[in-house]
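Using the hints provided, position chain B relative to the given structure of chain A.
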Amino acid sequence: MTVAGLAATFGSGAMTNSIDELESTDLILATGTNTTENHPVIGAKVKRAVRRHGTKLIVIDPREIDLVKYADIWLRQKPGTDVAVFNGLMNVIIAEGLYDKEYVAGRTEGFEALKAVVAKYTPESVEKISGVPAEDLKKAARMYAQAGRASIIYAMGITQHITGTDNVKSTANLSMLCGNVGIEGGGVNPLRGQNNVQGACDMGALPNVYPAYQPVAGEDVRKKFEAAWKAALSPKPGLTLMEIMAAAGSGKIKALYVMGENPLLSDPDLQHVAKELQKLDLMIVQDIFLTETAQMADVVLPACAFAEKEGTFTNTERRVQRVRKALEPPGEARADWEIICGISSRMGYPMTYASAQEIFEEIRTVTPSYAGITYDRLEKEGLQWPCPTVSHSGTKFLHKDKFSRGLGLFTALEYIPPNELPDQEYPFLLSTGRVLYHYHTGTMTTRARGPVERCPESLVEIHPEDAGKLGIADGQKVRVTSRRGTVEVKARITEKSAPGSIFMNFHFTEAPVNFLTNPALDPTGKIPEYKVCAVKLEAA
Amino acid sequence: MDTKITVTIDGQEVSADPGQTILEAARSQGIYIPTLCHYSKTTNVGACRVCVVEVENARSYVASCCAPVTPGMVIRTNTPAIRAAQKMIIELLWSSGDHNCLTCEQNGACELQDLVYWLQIDKPRFPIEHHGYEMDNSNTMITRDLNKCILCGRCIRACNEIQVNEVLDFANRGSYAKVGPAFDADYIDSSCVFCGECAQVCPTGAITFKQAKFAGRPWELSKTRTTCAYCGVGCQIDLYTKDNKIVKVMGNRQYGPPNEGSLCVKGRFGMDFISHPDRISKPLIRHQKGEAFKEAAWDEAYAFIAQRLAAVKKEYGPDSIAGLSSARCTNEENYVFQKFLRGGIGTNNIDHCARL
Chain A
1 MTVAGLAATF GSGAMTNSID ELESTDLILA TGTNTTENHP VIGAKVKRAV
51 RRHGTKLIVI DPREIDLVKY ADIWLRQKPG TDVAVFNGLM NVIIAEGLYD
101 KEYVAGRTEG FEALKAVVAK YTPESVEKIS GVPAEDLKKA ARMYAQAGRA
151 SIIYAMGITQ HITGTDNVKS TANLSMLCGN VGIEGGGVNP LRGQNNVQGA
201 CDMGALPNVY PAYQPVAGED VRKKFEAAWK AALSPKPGLT LMEIMAAAGS
251 GKIKALYVMG ENPLLSDPDL QHVAKELQKL DLMIVQDIFL TETAQMADVV
301 LPACAFAEKE GTFTNTERRV QRVRKALEPP GEARADWEII CGISSRMGYP
351 MTYASAQEIF EEIRTVTPSY AGITYDRLEK EGLQWPCPTV SHSGTKFLHK
401 DKFSRGLGLF TALEYIPPNE LPDQEYPFLL STGRVLYHYH TGTMTTRARG
451 PVERCPESLV EIHPEDAGKL GIADGQKVRV TSRRGTVEVK ARITEKSAPG
501 SIFMNFHFTE APVNFLTNPA LDPTGKIPEY KVCAVKLEAA
Chain B
1001 MDTKITVTID GQEVSADPGQ TILEAARSQG IYIPTLCHYS KTTNVGACRV
1051 CVVEVENARS YVASCCAPVT PGMVIRTNTP AIRAAQKMII ELLWSSGDHN
1101 CLTCEQNGAC ELQDLVYWLQ IDKPRFPIEH HGYEMDNSNT MITRDLNKCI
1151 LCGRCIRACN EIQVNEVLDF ANRGSYAKVG PAFDADYIDS SCVFCGECAQ
1201 VCPTGAITFK QAKFAGRPWE LSKTRTTCAY CGVGCQIDLY TKDNKIVKVM
1251 GNRQYGPPNE GSLCVKGRFG MDFISHPDRI SKPLIRHQKG EAFKEAAWDE
1301 AYAFIAQRLA AVKKEYGPDS IAGLSSARCT NEENYVFQKF LRGGIGTNNI
1351 DHCARL
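Residue numbers (the working numbering), protein chains in the order written: chain A, 1 to 540; chain B, 1001 to 1356.
Isolated chain B (complex conformation):
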């Protein structure tokens, strides 16, 4: 049987599970270590090195997201040397990209920006030299600006390990390395199925939701947790709204089952219908067959229906009336619908399109 092991982190004795990483052990005690490339439940790659810590007797700084704890390990996360190393890493990342927060949709929700602030960096000591890659604006859903990419690989792991769509990977080497679909295609020309997981996990503004651009700053949006209305999986989703419109739809890993934060193209990008101008907003009545619809007040519509239903029931009996309930509506609505037909009308002629 596995037993707990003891390590020391920042002078504090910490009990950890064998196989746990230093990062996990520290976080379980509320000790903060910054990360960028780390994304739980995907492979730990140690790409960005911003999680480095000092380990006594180790040859060099250790990437805490990858290194497992060993008994008696003495770890320091917050020494001046570690902070200096972290600053260097962040400055290098900053200077290698076009991280201009003035025009970035992720301003205020960017993990790189947060670390620049946390490490109190005024400006990078290196000249800013980015590649000048062309933006991928090829579709209406996801925008890619590789000039803001820090090559952390989260999108690649999200695509391959979480969604297993196997579209994204690294191409080229060294400073020419970049992320994308096969043959460096734009998303629209690739086998991408637009689940949006890559944009959801991107720590910077490299992969963003196109329709959210200029639709509201992160701090202006309201967030409502609800259940997706498409298929039967019942994904838990966060609707981000502003001015009575949906700005973007996000999964949330903290909600757990059934989707653990993942979504598909319909849940992510299929919500335009809600604020579509085709929505009907007033009751419509056709007084005679063949006539056009006329707008009506609710009271008039209720009276019309009540009178006509009562007349049919009186003349032909309750079983001449039927209702189609809906697999799209809530439990509460299905319940009152069948209660109305059974209790109010007196018929069991109720079904819905479960069969279709």
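Same shape as in the complex, but just chain A:
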């Protein structure tokens, strides 16, 4: 996935460029991002770029998303064939000599190996794998290569595959091949799906790194943190989310502390997850609602919502911005940081911060990329990391002149098919995602009048051809079944997904699509393959 893929390639796992650069660049390649629904304000910028600035737009997506209407070229690949499509684009660019030879020679390594692998991915062979017509692929390749500055934007459509890390590296390969990394208006830009995914990663809410991606296995790093935190620290990297769930099931994890997450609606193969969590001796859940996960807990702690506390979020373009208190919390609810400090102090590891700002001051001392950021500086406008000193004005785009790791690394990648493809018994391909009006597990948006009015329930999108064959009418209840479970949901007949593919969202507890999804993981990023699993459909 993003952090793993881009960190290996560039040395830094984050959006390389800034949001506002999209509006004035020469070309945008949007892949695996339904931008206008999932990042609507960025979607508007892309549309503005096309309509008002004359920016070219290439969309690579299996669904006919809104951006297709604005695109110069739309490549509709079969879900999960992204590596093949990107190899195909690079095949054309290299064969026709359209790549940036000076950049490749001066700033990258691994080109010969890449060249050897992509040579096999001729447009004709890619057409066989992906369904993308060879001529369209050539047109898109030429358009991308010949654009002055080209930006790639992507989201979960790229990462939620067993080849998620490979997909990310493929976008990086293409971008470097044409000299687009390290320039304004270019780059590889993962659009992060949650308000503070970037910040949570930056702060070391990951099993293998401390804040600012400093490895827990590094001796010097560990000593530094032991001194700063006055504690002995484990050198052993921890478990990832899916591994934690499995370890709960096998009895290795006995206690789980969940802060503001709802794995019982968001994780794949939910019935299995529920069984795993039941085996825990102790589950602590800290949230603003009694979520599906909280209902299983031994202790539930009432937390403040974002509008009831002070702090900072870091957005998708690495911009650290202030969160400010506008409301008093209900009853006895407390800010998450206060609760953690209370428990920690009780356990003999005192944490006695007087305010969020005081915590931030400590963060600055152990997080070099945040060292120059202060609450005072954030008063008027956010700052983009890296911001190493208080006189540094933040970093608009990364990897100028030099990659964080020195040379940019090309990775030669072969196409690997998805883990579970349709067959005779389960003939349809299911992808999951979000819709405009709702957010993640729906805890927030299903309690908001407007979004519920516009989108009151989950719908499964079915192509009219398939609906016709199965005798399913618009609005009719259908039963969707995978090897892992069954969900009943109303049908929405639309040509958005290709024949043979269906799409469902994961917002509603009444239609928990993650009963169906496949928990097969990307081996590096440990991300589940939400975008592809096999299901069957019948009228309910």
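It cannot be assumed that every hint is accurate.
[Stated by the list, open to error] As a list, the in silico BS3-like pairs of lysine-lysine whose alpha-carbon atoms are at most 30 Å apart:
1. Lys-275(A) - Lys-1289(B)
2. Lys-139(A) - Lys-128(A)
3. Lys-1213(B) - Lys-252(A)
4. Lys-1123(B) - Lys-1087(B)
5. Lys-396(A) - Lys-101(A)
6. Lys-1313(B) - Lys-526(A)
7. Lys-325(A) - Lys-1213(B)
What the hints contain is simulated information worked out from the structure, not anything from laboratory work.
Using the frame of chain A, we list chain B on its own:
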């Protein structure tokens, strides 16, 4: 290379950039010219004419929002003739609509009302004749009262040029002209995605936030700038609150990046959850598996957790404990969470749902 040009505004020599409009040149010097239809970063249309100025040797009054400065231009913004023209324009707008401030949610935040006051108009010299359009009350988010519409077109440009949703446009001609989605549909039946940009830019009470109606007068609301808690864009938002409730959510162009004042439906209309009765307000403990939750004091909850975590750690070691941090919480909270698990418990079993 472009060089500065000099113009005279109200007797004052002003240096301006070529291509700048008279309005921009004047505003950069702090000279006030009223506007209604003008909205920066969208096309200048010169629809309302309230920004008219005198330009020496021009055939007629000039709409300053559209006219570029030229070298040596002599401009007057505040002559009696200009004020008379502006009064006429405002009186015509007033008399063509149902601008009854007693029942208008925008009272106190209306640009038409402000100009009536600024130009010191007691009442329009023309009879008030409005169309009697039906209100669009079709949804829970945005109310439209076209009887208060002055046809400035800001909402249309916001919809087409800022959000590029391409829902709104003018229909009909002359005095029958009106603004709306295709086929004169109500918002709920149109392709509108409820970003609310149209209501945010409307200078009058024609397009308003429905849930803000009767929830507080403009001068009673507190404003807090913060960062939206939905997706990763990190839009800067102003929460307008009263009596510990959010009345409305607005973007603010002055804040600049990342959203330049724009929002989406979730940030704009998705905040009801904060004051929802389902919020939990007290710690809950289940002392035995299978039992129901019991409310507890914080001290009791802390003691329970500390004792149980310590027991697990003692019996099975620190790596039998794991924590899921949150992409929804602040940096400060994520930091103390991982510090607690690493420093306090002694394990690196920390992750969050970045992958989901």
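Q: Hint by hint, work out which the structure violates, then give me just those numbers in ascending order.
A: When the structure is compared with the hints, only number 3 turns out to be violated.
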